[in-house]
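Protein chains: 2
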Amino acid sequence: MSTQYVEKQVKKVDVWKIKRYVCKVKVLDLVTGRNTIVLNKTEAKEHDIYSGFRTEIRYRGESQTAIVDVSEEIVREGEVGVFRDLAQAHRLKKGEKIEIVHMDMPESIGFIKKKLDRGTLTEKEIKTIVREIMEDRLSEIETSAWITAAYINGFSDDEVISLAKATVESGEELKLGKRPILDKHCIGGVAGNRTTMVVVPIIAAAGLYIPKTSSRSITSAAGTADTMEVLANVTFSMEEMRHIVLKSKGAVVWGGGMKLAPVDDKLIRIRHPMSLDPEGMLLASILGKKKSVGAQYVLIDIPVGRGVKVPYMERGTELAKHFLRVGEKLGMKIEALLTDGAEPVGNGVGPALECIDVLEVLGGKGPDDLMHKSLLMAGKLLELSEKVGKGKGYGVAQGLINSGKAMKKFREIIELQGGDEKVKVSDIGVGRYTHTVTSLVSGGIFHIDNKTMSKIARIAGSPVDTGAGVLIHRIRGDRVEKGDKLFTIFSESEAKLDFAIKALNDLEPIEMRKMLLGTVD
Amino acid sequence: MSTQYVEKQVKKVDVWKIKRYVCKVKVLDLVTGRNTIVLNKTEAKEHDIYSGFRTEIRYRGESQTAIVDVSEEIVREGEVGVFRDLAQAHRLKKGEKIEIVHMDMPESIGFIKKKLDRGTLTEKEIKTIVREIMEDRLSEIETSAWITAAYINGFSDDEVISLAKATVESGEELKLGKRPILDKHCIGGVAGNRTTMVVVPIIAAAGLYIPKTSSRSITSAAGTADTMEVLANVTFSMEEMRHIVLKSKGAVVWGGGMKLAPVDDKLIRIRHPMSLDPEGMLLASILGKKKSVGAQYVLIDIPVGRGVKVPYMERGTELAKHFLRVGEKLGMKIEALLTDGAEPVGNGVGPALECIDVLEVLGGKGPDDLMHKSLLMAGKLLELSEKVGKGKGYGVAQGLINSGKAMKKFREIIELQGGDEKVKVSDIGVGRYTHTVTSLVSGGIFHIDNKTMSKIARIAGSPVDTGAGVLIHRIRGDRVEKGDKLFTIFSESEAKLDFAIKALNDLEPIEMRKMLLGTVD
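Chains A and B, in that order, are what the protein sequence lines are. Quick note on numbering: the first sequence equals residues 7 to 527 in our numbering. Quick note on numbering: the second sequence equals residues 7 to 527 in our numbering.
All the pointers check out, no bait thrown in.
Same chains, same label: a pair holds when it works inside one copy or across any pair of copies.
Straight-line C-alpha distance at most 30 Å; calculated DSS-like pairs for lysine-lysine:
| id | residue 1 | residue 2 |
| --- | --- | --- |
| 1 | K32 | K100 |
| 2 | K32 | K47 |
| 3 | K371 | K428 |
| 4 | K120 | K327 |
Everything labelled a hint here was simulated from the structure, so no lab data went into it. Every value quoted in this text rests on a predicted model; they were computed, and no experiment measured them.
Bound-form chain A, shown alone (with noise of 0.2 Å):
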């Protein structure tokens, strides 16, 4: 055989593409939630696709994307292991034929470099970015760089605003048809702080639209949808949330549940492990949700203090500045409040306790702060959205309570979303096991810990068991007496409480004032 050789221009195909083969299914009795193949390894190998390999899987005409495991005893040569949750979703039979492609490599890993190499990425390379990550081409490890990549390096404005963008396409949106839309987000970390049960029905009596999406809890003892859920469903669908938004102009539901920016669930999996947040994919991930449910009016709640994500005054305006110049430039209208976040807001931290704390505020009594802050924060959305006077949307915001009119707003978002809208707060469950923790000595109360009462709230079964937690009788500033309660935990189970009981010995969630701060030997 010979061929000639000549001069050309030479087109820039990937050859690799051309590794594939076809073999015949055989169903593996296990579901991974991972799209994962098993090849026969010598067989494998002998294409030239290896253990971590993406490859593409063909059949009647479809395809999917699959990462390879390979093993010499599940499969044999010309067999793929299917696993079953794959083999149902595609309706793949034992003995199928299908074909094993290896891709190309993703298009993804030059930007990605790109961004490694401190260079600023287009729309387009960042949406290929998203695009990609949706459809699982990028690995952990991929995405883990670039997740790194923009801790390290930033991301510019208009990074920014692209991702935010991306995150809004790679989920549904919710489209109202009517206006105006205001929404809420507080960065976190406060212990108890849910005002945003107490604002959205505050809102939602105003005659405006609140479709709040709200998270589950991380690390923390409960999230707002977990708090919800104690009164009535928080998962609905895109179209459910509509009809409810639509009855009642309020809602509080669970983000997770329904298919509002998915990218950030697959980012946040990655972020979390190292606890990274990377200031540009928090802006995008927060502003990509508001964008997601239409909102046009939007108030940032940004505590400040000890423990909490924002340590000091200067860091909270220039994070303030950023969702203001971000926001912007998507077409919102944003307003940055900085709180003090040192403490828990409320006496409850736990999703019952916390229950009671929003109950009895929209019924006018309650604790102070969480009255304090929700009134502030419901009264300068009012003002936002141009709905009531500068100065005046406090006072406003305290006549709906006073009227009663937020409690009944709330009721009926609670009916709507399948609760009891007779719920009292002698209904709510608290765990039945209790313990009271005393001061042993006189003083003043110089600092309660909001990571350290989380960590107990949760020690004690906190969020899962809904009537676990803490609820706290002091606050800071208070002087106490030797035997004064200080908190009690509460617990479903006695095992937890003890558990709890013992993890106290190494915490210090209620700091007095004392002098000897330590001694060097």
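Position chain B against the provided structure of chain A, taking the given hints into account.
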């Protein structure tokens, strides 16, 4: 119940580690090659354990790290699914009770975060990261973040030295008990460049120890280990290698076959998909492996030119200096050679064809470029070890070829490694399916491309089919006439030869000088 709360010194203990419960083994008939266990989703959630968590499994006083997967279907409450490989490795039987313990966050997380924040890691911190990688306590996400941070923020010389030391400690060391020990390393990228198989016998024939470990191909047509394997075994334990080297003074074995610097394999697995080669990690990897075999004098070959890792001289000089600096602090005397890496070295590309080149060169014939480069390197190594005076090395090396001593030594090594010491060029099996490419035009050869030649060889079956590859008939600068042979593709299968021929449509392995470089419409 009530206890007293009092001012005290708080121990910094993470109370999360109390997440634990006991369940019974269910062996899952599947091999994953990863330490994954499957927990019942509901039960795991009750214990605050989620998919992706690192846990410890404890049984019979032993413990093992495992990554959690969750499922409602595979395992019921009270059960833990254990994959067959994990069950076999730990003799876990169906129904056996094991304890699931959610581990504390790995200590390394803080150190990786420090690197992300542009900090410099201490030796202790780097050793902790390496230890936790070896213990499978760090996930791919976290390891990827560390590598990305090393790529962006760089490593100080001290960090490189710490990593090299930790790399050595991660595996076994060759304790030869003899001196001096020489070694060489090429940073790669040049097709056909099999100098190792010529240099090792020359050095050993000169009476010096050279326990050479080589790698297999990842993306090239063949690694030195693949090529040497045509003539002899290359997979040996550290003890077996010691035995060979004590007898013959030299060896050419596969580094991956022994427990030499195993953390490096784990890092390469993460670095590979993104082609991330942070310079500090590259140096620590190379010099750590040299240190592991006890090398005192090390020659580094840095090919420079179009299409290889180091594109121009300034970069090569910088890298060479980095090698010298770090090597000295590790107690090794290093010399770095910048060599012409723009074109393949030798005629053959692919295991069998490269073996033929090596045998020819040791016989005093063979391709000029491979002969010259091998003598240059062997000579420099002899001078570096002060065995021969400055400027005399090349001549001494040449003498060892001409006298047949190097060939005799090579045959001794082949025999000790279990091969046929009498092997002749005609014994070496090359692919029976061939295709020769000829020139359609007359002109000068402007460039022969390493990567493209490697690709063609791989498509033809190399390195798995050892007889597959490319035989290059001309070199850069040659004047060819229309119809002259340029190169021949060898394959062991007609189908693979066809693939390779088809691939030529999209590739330009040999560039002729041309006037028209492109057109802009």
